[in-house]
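A.B. asks: One letter stands for each residue in the lines below.
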Amino acid sequence: MTEPIKVELTVPSISDYVGVARLTASGVANRMKFTHEDIEDIKIAVSEACTNAVQYAYGDNIGKVNLTFSIYDTYLEIQVRDQGLGFNIETKKDPNAASDPEKIGLGLGIVFMKSLMDTVDYQSSEGNGTVVTMTKKVPVARASL
Amino acid sequence: MVLDLNVSIREKDSVPIIDLEGEIDVYTYPKLSDALKLVFEQYPVTKNIIINLSQVRYIDSTGLGVIANGANQISRLSEGNINIINATPQIRKIFDVSGLISANFNLFDNEEIALSNLNNNNS
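Just so you know, the sequences run in chain order Y and S.
Per our numbering, residue 1 is the first one in the first sequence, and the count goes up by one each step.
Per our numbering, residue 1001 is the first one in the second sequence, and the count goes up by one each step.
Hints are computed from structural coordinates only; laboratory data are not their basis.
Just to be clear, a hint being listed does not mean it is correct.
With a cut-off of at most 30 angstroms between alpha-carbon atoms, the simulated DSSO-like pairs for lysine-lysine come out as follows [what the hints assert, rightly or not]: (1) Y/K137 to S/K1031; (2) Y/K136 to Y/K64; (3) Y/K114 to S/K1031; (4) Y/K114 to S/K1093; (5) S/K1031 to S/K1012; (6) S/K1012 to S/K1047; (7) Y/K136 to S/K1093; (8) S/K1037 to S/K1012; (9) S/K1031 to Y/K64; (10) S/K1037 to S/K1093; (11) Y/K137 to Y/K64; (12) Y/K136 to Y/K6; (13) Y/K33 to S/K1047; (14) Y/K33 to Y/K114; (15) Y/K6 to Y/K137; (16) S/K1012 to S/K1093.
Hey, can you work out the whole structure from these sequences and the hints?
C.D. replies: Spelled out as structure tokens, the structure:
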């Protein structure tokens, strides 16, 4: 496997910049010749991962959300990382999610990521941040070239 | 491309209609939330609210959460419904994936069909 081309972005954990992450995802996916529908799916998945970081990672503080887009010949890998509060992955429960009625989104973020991307891996532990790694295969026509 | 949301409210056939333009995400959702709050204040007994997504390029679970909260509220207040019109195929897919289509939540192809259905249900 050849080394991927990497595009990296760091945004603050505030809602204003989730759209910026989405634009970057859209640009990278466009360069990889994904279909319009695939690009829209990727935008939502990235946005959901970033929204989770914005809403839950750092409590009332502002931290960093790091995104890495790794461009392989046949697929795109996207990693969204924060160094925030994390949560107990064993119980699949975010310690912040249930306690704040202002948080919006119905908890559908992970559902969307898993429905719209080919693979989703969630790594988190309390006090050690969260890493979401997602992949999506490029359209078959491009992969066969 | 503007990463923002423009909101306007109008009325047709006594039904409040919220017209949206732009993107609905964690940054812009308060504008939709405020619009729904205003509609509930101005139309406290309405049984239907129409949300027009014809100019909406993007929505995720945050936007769906606001719409779902609105559907719950109108159901409680008047046993009413939220009616979505002009959703693109991609946005319809998001509604399908979310499983949000329910008794208090309708999807119509356009405003004319929505108002016709709502008027038929009221007659």
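A.B. asks: Could you work out which of the previously given hints the structure breaks and list their numbers from low to high?
C.D. replies: Numbers 1, 13, in rising order.
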